[in-house]
Every structure is written in structure tokens, then in C-alpha cells.
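Two chains, each in its own frame: build the complex with the hints.
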Amino acid sequence: MALIGNLKDIKLPSLIQLNCMEHNNAKLSIERSGKFGFIYFEGGQVTHAEFDPYIGEEALYRLLSLYEGKFKVESDVAPPVRTIETSWSNLLLEGMHKLDHSQDQVENRYYRLFERLLTIKGVQFVCLINDKGVIIDRTEQEEGEIKDPNVAFIMLQATKMCETLNSKNPDYVSIFSGQYRYFITYYTGHYLMLQMDKKVKSDVVMPLIAKAIGPEAESKTSIKVGRKQGKLW
Amino acid sequence: MVNQWFTEIKNVPGVQGVFIASGRGTIIHNEGIKIKENELQEVAMRLLRMSAIFNEKDENVSEIELFWKNLFIICKLSNNLLLVTICDSPKILPLLRITLNVSLSHLLQDKKIMKMARNHAIDKNMILRKGKFGDDELSLLSNI
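These protein sequences, in sequence, are chains A and B.
Numbering of the first sequence is given in this note's numbering, commencing with residue 81 and proceeding in unit increments.
Numbering of the second sequence is given in this note's numbering, commencing with residue 156 and proceeding in unit increments.
So that you can see chain B by itself, here it is in the shape it has in the complex (with noise of 0.2 Å):
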């Protein structure tokens, strides 16, 4: 049944893969994505630690998206899951926002992955206090 809505997402016309994981930054499944398991893993505890800057201020983010010139990863946050998608073409924004919404809901409803994500969840504000961080990254911390 999940699989369903990764095809889904997947037959949108220039998405070349897609991944979810948990709020730790595990990853609970992939789809299409060709690199290594911890490199993605690290792309995902970016994106949580983007979030947890808002976490810090008591906003809770939703989206996350990075745009290059012709490739765009598209980040949707809940319930402890992010569902990332990479794709290539901008004219497909549009209808990919919509996929991601209803996949999105329809994995929040499935009982597998939740027990995955609840399994793997993590405190929001613990994001910014545990794991490695540079010198660069501490120093701008030490701002919040």
C-alpha cells in the first residue's frame, strides 16, 4: 500500500527519486535516490536542523525547498516524518505539491511507517543539542 503513493510521486513527470525518514534522520524508505544510505541520512538531519531553528522560536516548519537551476529537492515535514523529493523540472511544481500533500497524508495513516517514525522520533528541541556540530555551526547557534 505505501508503495502506491511512492509510485505515485515518482510518476510525476522529472522527479528522480524520493526518500522519507524519520525526525531522527533515519531513513525509513527510498525510492529512485542512487547514493549512499548515510549521505542520505546526513541530507536529512540538515534539513531537521533547518526546522529545528524554528523549533527554537516556536514555529513549526512544513516545507523545506531548495531550488538550483534545474533541480529542485522538495521537503514536506509532519508528524515526525520528512518526505524529501528530488525533481528536475519546474513546470511540474505545481502538480508534484499536490502529490506530495495527499501521499503525504495517506503515509501519516500508515500504521508500518508511523510505528517506524514513532520508533526513531526524537524531541524537536534535542536536534540543535545532540549530535556533531562545527565550530561554525556552534558559533551561530550561540546566537539563539
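So here's chain A without its partners, still in its complex pose (with noise of 0.2 Å):
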């Protein structure tokens, strides 16, 4: 029987490690964003990989770098041919190394927190905004979910309210619509939005999305449209 999962729950770097030191015969295909991927296992070793269009230890490197992305591992499954020789050890560690220097480039850096934010029970998708409306970063939108409402509208709504009310900005708005629960934020002067399951509860998620913006979440003052100290009422 195949395991089939999600990189949101398993790492990819787990199921590596799993499926080796089990030594499996297996293919491990993976598919994010309509782009497969392919790692085969053979005697205890990666003898395979493919990710358009990559192949061999530059596939299975690029695939290091989903952190979600629907998982199939089904046994008894020969390579259709051999591309790496390495040990898989030193394939995680090259691969790690890989990636710790790529997450300093800019398309990557938000990998850390996007990461961070998925292992949060309920949430669905995460999306970066800036105050113009403009999506700088996002995760993957499964099927049939909702894009963006307008984050930064909603935003600035609540700006003006606050302006109103001679009191800063609020640290998260909350909105539910019946079909998921909003929750929007502040991240490095742009706008932090997190699609969750109906059933989350603004409070008790709150500090979990706290924990995994960390200190980060402080730099939300240049987002401000005349932010204005004072109590609200």
C-alpha cells in the first residue's frame, strides 16, 4: 500500500532518511503546483531523482526546497535509470547546505516563515501583500479556495477606523466568512494574511502565529497611514 501524504506534515528530508535506512525499493513522487518530481530508492541509497527540468542530485536538491507539496511513496519500484552515486547522507547535507544559502536569496525569503506558519493546525494558505494590493509571496492555493479578498483594502479600512478612533493599529484582524477565517497581520511593513479552516478560533491561534512571526512581526510600523498614539477610548 502507498503512503500518501503531504511536506506540510512530513519533511522531505524525514521521508529521505526513513526510506533509506529502511532500505526500500521505493518511488517517491511528489506534486506542487502541477510540477512532479520523482526520488527512487534503491539497497539503501538515492539512485534517481527527477524535477522538470532537472535530473539526478540537482533534481533531488530542488525538491529540498518544498516545504508543502503532496507526497506518494510506492514500494517495489525500480529506477528507470541511475543519475547519483552519492550517499544519501551526504545528498541531505549538500542539500541543507544548498538551502541554507538560497533562503538569503530574495525569491526565498519567506520560505522560513511560510514553513513556520503551515505547521499551524488549520492553516490552509499563507500570502505576503503589500499595501498597494500587490501579492509579493504566497504558498500554494489548493483547488477551489479563495484568493486574496482585498487585504490590503481591509487594511486600510481598519487604519482609518483607527484614525477615528485616535488609536494605533490593531496587531490582527480576524474576519470569517462562513467558508474560512481570515487572519491578517503585520510582517516587515507588509501585510501578513493566512487563510484558515472555519473551526479555528481567533484566540487560541493568535499566539501560535505570534510564535512563528517572531520578533519580525514588530516591523509593522512603516505600513502605518497616520498611525496616531493614544487609547481608544
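Just to be clear, a hint being listed does not mean it is correct.
Claimed, not checked - Examples of chain A residues lying across from chain B (beta carbon under 8 Å, computed):
no. : residue
1   : 232
2   : 241
3   : 252
4   : 288
Please keep in mind that the hints were generated in silico from the structure rather than gathered at the bench.
Cβ coordinates follow ideal geometry from the N, Cα and C atoms, glycine included.
In C-alpha cells:
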């Protein structure tokens, strides 16, 4: 029977480690954004990997950068070709090293943040948006789910509301639409929106989000419009 | 009778005040919030606009919450009514939510309240098309 899951729940290095230590002959298939990747295991080693357009070790390193995506492990599937000779432990070490470096690059800036947020129970989708409403980065959105509900406009209304009340901006805005709960906060001068399961309670999830965001959440002043100090009432 | 439900909410420890507004932002009743009515109306209108963004996508918002460190605004929306509560204690949120749900269901059955709500009803789609909007708001609305 195939093992099926999502990389949100089991990280790829753990899957590789498990299959190699168990000496499994298996094929691991990963699907993310319509792109497919494959890793083959044989006799306790990784013997072949593909991730369009890459093949061999480079494909494996690219796959290691995925923090989400559906996966399936099928037993007793032989690789079509052998393209990897390096031991699995060295592959993982090199892969992690490459990953650390790639996260310094702009396109991977929010990788760790999204990874942490997606581990919170009920979080389905995370999106970072600037005050003009432009999406800076986002996680994969599953079929049928709703896109950005104009977060920038919502937060602008919150800001204007606070101007009326002579108060500072709220730390979090939570909106329940019946289908989903949207949770919006600030992150490095942008808006961070989380789409969550409808059963999630704001007060329960708020400390978890704060922990996942870390001290970066404090960097929200740059997005303020006419921020005022003072009490609400 | 209506006052009973406002008192019920107001009696939840940490609640500073509660008000009810129509779908057009008109204040129908205010209990304990000491700010000018036009400012309260502005608050209601901002909440309605947040909700209207979802209406544009055929979604109905039933709850909007704003959280500060030691202050919360919880807004319940239903049948052209906004029930807005301000409280200062995070510990009472579960109790407050239950109280609000019960109170709102009773308020929705009150003829006087509902008559006022109906008189001030507005097509939800008009909320983002009528009224004063700043350039920043108009720019973001053009993205819809």
C-alpha cells in the first residue's frame, strides 16, 4: 500500500532518511503546482531523482526546497536509470547547505516563515501582500479555495477606523466568512494574510502565529497610515 | 426587552461597551461607548466596507474581530445589523462569543430593532459604490 501525505506534515529529508534506513526499494512522487518530482530508492541509497527540468542530484536539491506538496511513496518500483552515486547522507548535507544559501536570496526570503505558519493546525494558505495590494509571495493554493480578498483594502479600513478612534493600528484583524477564517497581521512592513479552516478560533491561534512570526512582527510601523498614539476610548 | 440583551453583554466582565448599527452604518443603540455618534458611525461604516469586499466575491462575512494588545473589538454581522462589542480582557472571549450569539439571535427577533434596520437597509453591493472614498481606497477598489 502506498504512503500518501503532504510535505507540510512530513519533511522531505525525513522521508528520504526513512526510506534509506529501511533499505526500501521505492519511488517517491511529489506534486506541487502541477509540477512533478520523483526520487527513487534502491538498497538503502537514493539512486535517481527527477524534477523538471532537472535530473540527478540537482533535481534532488531542488526538491529539498519544497516545504509543501503532495507526496506518494510506492514500494518495489525500480528506477528507470541511475543518475546518483553520492550517499544519501551526503546528499542531505549538501542539500541543506544549498538550501541555507538559497534562503538568503530574495525569492526565498519568506520560505521559513511560510513553512512555520503552515505547521499551525488549520492554516491552509499564507500570502504576503504590500499596501498597494500586490502579492509579494504566497504558498500554494489548493483548488477551489479563494484568492486574496483584497487584504490591503481591509487593512486600510482598519487603519482609517483607528484614525477616527485616535488609536494605534490593531495587531490582528480576523474575518469569518462562513467558509474560511482570514487572519491578517503585519510582517516587515507588509500585510500577512492566513486563510484558515472555519473552525479555528482567533484567540487560540493568535499566540501560535505570533510565535511563528517572531520579532519580525514588530516591524510593522512602516505600513502605518497616519498612526496616532493614544487610547481607544 | 432589548435592553436586557445589551445589559447581558455589558455584564460580561471586561466589556466596555456595545453598540448596534444598521447596514448603512446608522447607530441604532449604544450602550456604554463614550465617543461621538458620528465617530461611531464612521467605525460602523469601516466595518461594513470590510465586509462588503467579501460580498463582491459572493461571500458573507458574519464576524470581524480586531485585536490590540489589551483591547478587542468584536463585530457580528447579520440581517442588515452590526453588533459591535469592545472589551479589554482576552480571557472572556469564549464567554463573550456565546453571549453575543445568543443576544444577536434575540435582537434579530425584536420588531423595533428590525424595523429600524429595515428602514436603514442598503444593498450590500452599494456600500463600495456610494459614499466618500479616498484616492488610496479607490485605487485598491479598482483591483476588484
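Against the structure, the hints come out as follows:
1. 232: Constraint on residue 232 of chain A satisfied, holds at 5 Å.
2. 241: holds, 4 Å
3. 252: Where the cut-off is 8 Å and the nearest Cβ of chain B is about 4 Å from residue 252 of chain A, the hint holds.
4. 288: violated, 14 Å
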